[in-house]
Structures are given as C-alpha cells and as structure tokens.
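Q: Sequence:
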Amino acid sequence: MAKYENDVKQLLTLIGGKENIQAVSHCMTRMRFVLVDPKKADEKAIEEIPSVKGTFTQAGQYQVIIGNDVSVSYNEFTSYAGIEGVSKDAAKAAAKTNQNLAQKIMGALGEIFAPLIPALICGGLILGFRNVIGEINFFNNGKQSLADLYPFWQGTYDFLWLIGEAVFHLLPVGIVWSITKKMGTTQILGIILGLTLVSPQLLNGFSVADTPASEIPVWDFGFAQVDMIGYQGQVIAAMMAGFVLVYLEKFFKKHCPEVVSMIVVPFCSLVPAVIIAHTVVGPIGWKIGDAIASVVYGGLMSDFGWLFAGVFGLLYAPVVMTGLHHMTNAIDTQLVNTYDGTILWPMIALSNIAQGSSVLAMSILQKKNERAQQVNIPACISCYLGVTEPALFGVNLKYVFPLICGMTGSAIAAMISVGSGVMALSIGVGGLPGIISIKPEFYVQFLIAMAVAIVVPFTLTFIVGSRKLSAKERGTAKSESKTEVKAEKIETEQIETENTETEKGVKAILSGKVIPIEEVDDNVFSQKIMGDGVAIEPTDTTVVAPSDAEVAIVMADTGHACGLTLGNGMELLIHVGIDTVDMGGDGFELLVSQGDKVSAGTPLIRFDPEKIRAAGHPTTTMLIVTGEGSAKNIKMKAGMTAEAAKTTVISFE
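Heads up, the sequence shown is in numbering that gives the first Met the number 0, so the first residue is 0 and it goes up one at a time.
Because the hints were derived from the structure by calculation, they are not lab data.
We put the beta carbon where it would ideally sit given N, CA and C, even for glycine.
Mixed in with the good hints there might be a few duds.
[Said to hold, decoys possible] Distance ranges between label pairs, derived from CB positions:
#, residue 1, residue 2, range
1, P150, K286, 41 to 49 Å
2, G418, D147, 27 to 35 Å
3, V131, K366, 33 to 41 Å
4, D147, W218, 40 to 48 Å
5, C255, P216, 34 to 42 Å
6, K43, D289, 47 to 55 Å
7, D289, Q200, 19 to 27 Å
8, K527, G418, 47 to 55 Å
9, K142, S198, 34 to 42 Å
10, E440, T541, 48 to 56 Å
11, T475, E18, 51 to 59 Å
12, P150, E517, 57 to 65 Å
[As the list claims (entries may be wrong)] Simulated crosslink set (DMTMM-like; lysine to aspartate or glutamate; CA at most 20 Å straight-line):
#, residue 1, residue 2
13, K17, E42
14, K438, E134
15, K142, E440
16, K438, D157
17, K52, D520
18, K397, E518
19, K52, E627
20, K52, D41
21, K471, E369
22, K52, D521
23, K610, E536
24, K8, E75
Sequences and hints are given; from them, build the entire structure.
A: This is the structure:
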C-alpha cells in the first residue's frame with residue numbers, strides 16, 4: 000500500500016477531480032495546482048487531510064502544503080490520478096490562463112520592461128547629471144553653466160551623452176530583445192531587428208518632424224516607395240515589431256522540417272519581420288504611441304489637469320501593489336521622446352516620497368518597538384530612494400492608515416506638480432534623488448511639491464497613529480519593564496558572543512543577520528506551517544551544513560532547497576530565498592546529492608544573490624525544524640549576527 004494512498008484519493012476528489020486539474024507541479028514543500036475552476040476545491044476539507052499542513056492561492060496557483068515528503072505525495076498523486084506533472088515554468092504559464100485580459104497585458108508589460116529598468120534608471124541618472132553640469136546656469140548671474148566655464152565639464156557633458164543616447168534613443172533594441180527573451184525565441188534575431196529600427200542609414204526619428212516630406216529618403220522598389228525613417232525612442236512600434244518576429248519564428252519552427260530549420264527559420268522570420276516593421280507596424284505603432292502620449296499630455300495639461308493629477312497621485316501606490324505600474328514606463332518613455340520630457344515621472348517620484356514619509360512617522364511612533372524598527376527604517380530609506388514595495392507591503396498596508404495618509408499627501412503633491420507644469424527630462428531614480436531628473440526651470444516648484452509630499456503624510460500618519468496604535472504596537476506596553484528589557488539585552492549579547500563550537504545545537508547555515516521566522520514574508524514559513532525555525536539575511540553566498548547529517552532530500556532541478564536528517568532524528572529544511580523555485584535553477588548550484596553524509600560546515604548550496612534579487616525575490620534563507628526526532632527543549636535564537644557553521648541558531652537537549 001502506498002504511503003499516501005488514502006490522502007491522494009481524498010485530495011483528488013476534494014480538488015474537483017482530474018477534469019478540474021489544468022496542471023500540477025511541486026516545489027520543496029508544496030504541490031502547486033492550476034485549476035480549471037478554483038471554486039470547486041473544498042479548501043476546508045483539504046486542510047483536514049492528515050498529510051496536508053495548509054493551503055493557499057498565489058499567482059493563479061492553488062498550493063497544497065505537504066512538507067519534506069512532497070515529492071513522494073506528488074508522485075503517488077499523479078500516478079493515481081493518471082495525469083502527468085509539468086515543470087514549474089509550465090505550471091506558472093498555465094496559471095496565467097486564470098488571469099483576466101488586463102492582468103495578462105500588465106503582466107506582459109511588466110516582464111518586458113523589468114530587464115530594462117536598470118538601464119532606464121542608469122540613463123535617467125546620467126541625464127540628470129548632465130542636467131546639473133550643462134543645463135543649469137549657476138554662474139555669471141545665471142548666464143553660464145559648469146560646462147560653459149570648464150573644458151573638463153564640457154567634455155564630461157558630451158561624453159555622457161554616449162550612454163544617454165544608447166539608453167533612450169536606441170531603446171527599441173532593448174525592447175525587441177526583451178520580447179524575444181520573454182517569449183523564448185532567438186534573442187540575437189530580436190537584437191538585429193531592433194538595430195534595423197535605429198540604423199544610421201535611416202533618417203533619425205527625432206529629425207522627421209523638422210524634415211520636409213520631399214527630403215525624407217526612401218527605398219524605391221519601382222512599384223512602391225518606403226520611407227527610410229528610424230524609430231529612435233519609439234516604444235509601441237518596437238513592441239509591435241518584436242511580437243511580429245516572435246510569432247513568425249514560432250510559425251516557421253512549427254512547420255519547418257528539423258533538418259533545414261537552422262537555415263530556413265532565421266531567414267524566413269527576420270526578413271519578413273523587418274519588412275513588416277518598416278511598412279506596417281512601425282508607422283502604426285508610431286501613431287499609436289503619439290496618440291497615447293497626446294492623450295496623457297493633453298489631459299494633464301488641460302484645465303482639468305490638476306484633477307487627473309490628483310487621481311493619479313492618490314491611486315499610484317495601490318497600483319504599484321497590483322504590479323500594474325509597469326505600464327507607466329512605456330507611457331513615460333513615449334512622453335520623453337514626443338515632448339522632450341515627461342509630466343508623469345515627477346508624480347511617481349512624489350508618490351515614493353509620500354509613502355516613505357508615512358513610514359518615517361511610523362518609525363518615530365514605534366521607536367521603542369525594536370522588531371517594528373527592523374522593518375520601518377530600511378523600508379523608509381528604500382522608499383525615499385524610489386523603491387516602495389518594502390514600505391507598502393511591510394508597513395503601510397499592514398496598518399492601512401499610513402497607506403491612506405501617504406496616498407493623500409501624494410495626491411496633493413501631484414496636483415501642485417502638474418498645476419505648475421513640472422516636467423522631468425527622463426525616467427530616473429524615484430524618491431528624493433528624483434529631483435536631478437527635473438528640468439532646471441521647475442526646480443522650485445518641484446521642491447514645493449516634495450515638501451508637501453513629506454510634511455502632509457508625515458503629519459497625518461503621526462496624528463492618526465498616535466490615536467490608533469496600541470501600546471504594544473508602539474513598544475510602550477507596561478510589561479516591557481526596564482528589568483525585562485535589560486535581561487533581554489544581556490541574553491542577546493550572550494548569544495552574540497558565545498562560542499558555539501561546544502554548544503549542543505544547530506549552527507548557522509549562512510553568515511548574516513538571524514531573524515525570527517515570524518518576520519519572513521511568506522505565510523508558509525512565518526505561520527510555522529512547516530515547523531518552527533529561524534531565517535537568515537545572508538552576507539555570503541554558500542549554504543553550509545549546520546551539523547553532521549545525512550542529506551535526506553534535494554531539489555535537483557532547481558537547487559534552491561534541501562532537507563537534512565541529524566543523528567538524533569531531527570529533520571531540517573533549508574530553503575534559499577522566497578519563491579525562488581520560479582527561477583528554475585538559474586543562479587543556484589547544488590553541491591550535494593540525496594543520501595550524502597555531510598559534516599558541519601560542508602557546502603550544500605551555492606547561490607547568486609544578484610540573480611535572485613533581479614528575479615524579484617528576497618534572499619532570506621530559512622532553516623526549519625520539520626521533525627524533532629529525539630531532541631527536547633528546542634529553542635530558536637534570533638536577533639544577532641551569525642557566523643556560518645559557528646553560531647548556534649537552534650539549541651536543543
């Protein structure tokens with residue numbers, strides 16, 4: 000009899016039967032279902048199955064938490080149900096079918112622009128710096144800039160345009176490349192198509208408006224003439240051209256014999272794509288892009304522009320939480336290329352500042368709550384530097400009123416910004432540094448809007464928080480006596496300084512800050528569904544064995560997690576990052592195999608933190624006790640900086 004025979008029978012019935020399963024896969028701890036009709040799943044009954052530790056839905060996937068034995072349960076389930084499991088990427092793709100059209104479009108935009116954001120931010124900073132040294136007349140009664148006075152700064156100003164032009168004028172190359180990367184087609188063909196859109200053989204797209212129609216060069220085919228116009232800075236046209244190439248390549252790959260596909264597919268995909276780009280979708284995309292930019296620009300510059308601005312400023316933070324904010328990158332870029340600046344970007348920077356100011360007020364209100372401050376302070380700093388997600392999800396949404404106060408301040412600041420015509424040179428860094436992207440003539444107006452974005456949310460949050468926050472939330476509860484705080488401090492100091500070589504327990508798997516498992520941004524771990532444990536914010540990149548043990552289980556295809564069994568029967572789960580299963584193994588190197596015997600300090604997993612962050616995942620690494628074995632009086636130790644393989648983070652008898 001299979002180990003989970005009864006459980007898998009119940010699960011199949013309660014989840015709606017085989018016909019309700021569109022796809023199923025598993026990670027280190029969970030079975031991940033994409034269901035035809037999620038409403039058919041009886042969640043309460045499923046959670047009562049003995050092997051099930053919990054359920055939840057995320058990103059279109061219905062996830063059933065099993066634990067270390069998930070691979071066994073998964074294999075028995077797929078065998079009994081008579082269905083084939085799929086890869087995690089396939090399950091993720093299938094999950095998108097449960098999204099509505101708007102979610103799919105916004106998700107696609109986000110995935111296209113996400114790889115381009117570092118370049119756009121870098122380009123924005125460079126244009127901002129050029130703005131400071133070459134456009135602002137600091138000297139001779141406002142008549143000369145640094146570049147006017149000093150050859151070095153003039154040379155710097157000219158040199159930096161090399162990068163600025165590459166980022167913003169030649170942006171179509173990056174867009175088409177990103178589309179081919181997202182769609183899984185040949186990326187070099189995307190780069191080549193992008194280059195044909197901005198080739199120096201063509202009339203520069205920014206010069207078209209100033210060039211008489213009779214002087215625009217053409218390709219003369221005898222029966223037809225095609226304008227030789229470049230698409231520098233054009234977003235919509237580049238996206239449309241990219242998708243033409245993608246679908247042509249997929250069509251020819253599907254219908255072309257394998258033996259000649261290497262020759263036929265690239266030629267039959269690229270050449271028609273270039274022709275269609277310059278004769279059909281390019282001109283259409285140009286018109287669409289101009290129309291979108293005109294509507295946004297006209298609306299914001301109209302007599303009711305202040306109203307549009309207020310609504311945008313009010314709703315931008317919630318939009319960020321849904322992921323729909325990625326669409327503004329395309330609109331911003333189109334505005335820059337059409338009107339030599341964007342009105343939208345300053346409002347985004349002001350929204351960042353407003354939400355950061357709410358967090359700043361929370362930080363002051365909770366100055367005696369050490370646990371809250373561990374989230375508040377870094378969230379505030381990142382928000383003021385243009386990254387709002389930690390503040391939104393970690394603080395403001397948690398208490399709600401700081402979010403609303405920030406939205407209010409953002410709306411008022413946006414109305415001031417648009418009402419006074421503030422315009423940015425380009426997309427840049429958000430938050431406080433966003434001012435360097437603002438055109439010099441609008442510095443004073445933007446500074447006023449910034450002041451409002453700081454003062455209003457801070458004041459409102461402080462006033463409301465003074466009344467709404469409990470003594471416990473503020474860290475001023477009477478139970479926290481000086482004696483208790485002092486004792487806690489002494490205990491923490493002892494933990495930090497003790498030599499754990501002689502202490503009986505589980506050592507740190509990484510060097511870094513040890514935090515309570517409750518603070519992990521994943522309900523499966525923070526709610527201890529898998530078991531109690533600790534988490535580490537790593538400062539190194541190699542996970543090591545925390546004790547002498549046997550490798551009980553590994554995620555061979557993704558390399559992001561493994562399970563260990565100690566000599567006393569204690570079972571441990573190590574999980575690098577949050578939701579890193581979605582990376583499909585990219586950035587991870589598994590250094591051990593199932594059944595290996597390891598000693599304390601043996602390298603288990605090597606990972607690339609930059610790749611994890613670039614994929615949008617935290618690097619927080621969990622060490623969970625999934626089975627106690629014969630261990631007793633198990634205690635978790637957090638709140639200190641640990642050294643891998645030396646500092647005890649879990650003690651037991």
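Q: Does each hint hold? Answer for all of them.
A: Going through the hints against the structure:
1. P150 x K286: 41 to 49 Å: Check passed, 44 Å falls within 41 to 49 Å.
2. G418 x D147: 27 to 35 Å: holds (32 Å)
3. V131 x K366: 33 to 41 Å: holds (36 Å)
4. D147 x W218: 40 to 48 Å: holds (43 Å)
5. C255 x P216: 34 to 42 Å: With a Cβ separation near 35 Å, C255 and P216 satisfy 34 to 42 Å, so the hint holds.
6. K43 x D289: 47 to 55 Å: holds (54 Å)
7. D289 x Q200: 19 to 27 Å: holds (23 Å)
8. K527 x G418: 47 to 55 Å: For K527 and G418 the Cβ distance comes to about 51 Å; the hint holds.
9. K142 x S198: 34 to 42 Å: holds (40 Å)
10. E440 x T541: 48 to 56 Å: With a Cβ separation near 52 Å, E440 and T541 satisfy 48 to 56 Å, so the hint holds.
11. T475 x E18: 51 to 59 Å: holds (57 Å)
12. P150 x E517: 57 to 65 Å: holds (59 Å)
13. K17 x E42: Given pair K17, E42 holds - Cα atoms ~16 Å apart, limit 20 Å.
14. K438 x E134: holds (9 Å)
15. K142 x E440: Within the cut-off at roughly 14 Å; holds.
16. K438 x D157: holds (18 Å)
17. K52 x D520: holds (18 Å)
18. K397 x E518: With Cα atoms ~13 Å apart, K397 and E518 stay inside 20 Å; holds.
19. K52 x E627: Measuring from Cα to Cα gives roughly 16 Å; hence the hint holds.
20. K52 x D41: Since the Cα atoms of K52 and D41 sit roughly 15 Å apart, the hinted pair holds (cutoff 20 Å).
21. K471 x E369: holds (11 Å)
22. K52 x D521: holds (15 Å)
23. K610 x E536: Given that 20 Å is the threshold and the Cα spacing comes to 16 Å, the pair holds.
24. K8 x E75: holds (10 Å)
Taken one by one, the earlier hints all hold for this structure without exception.
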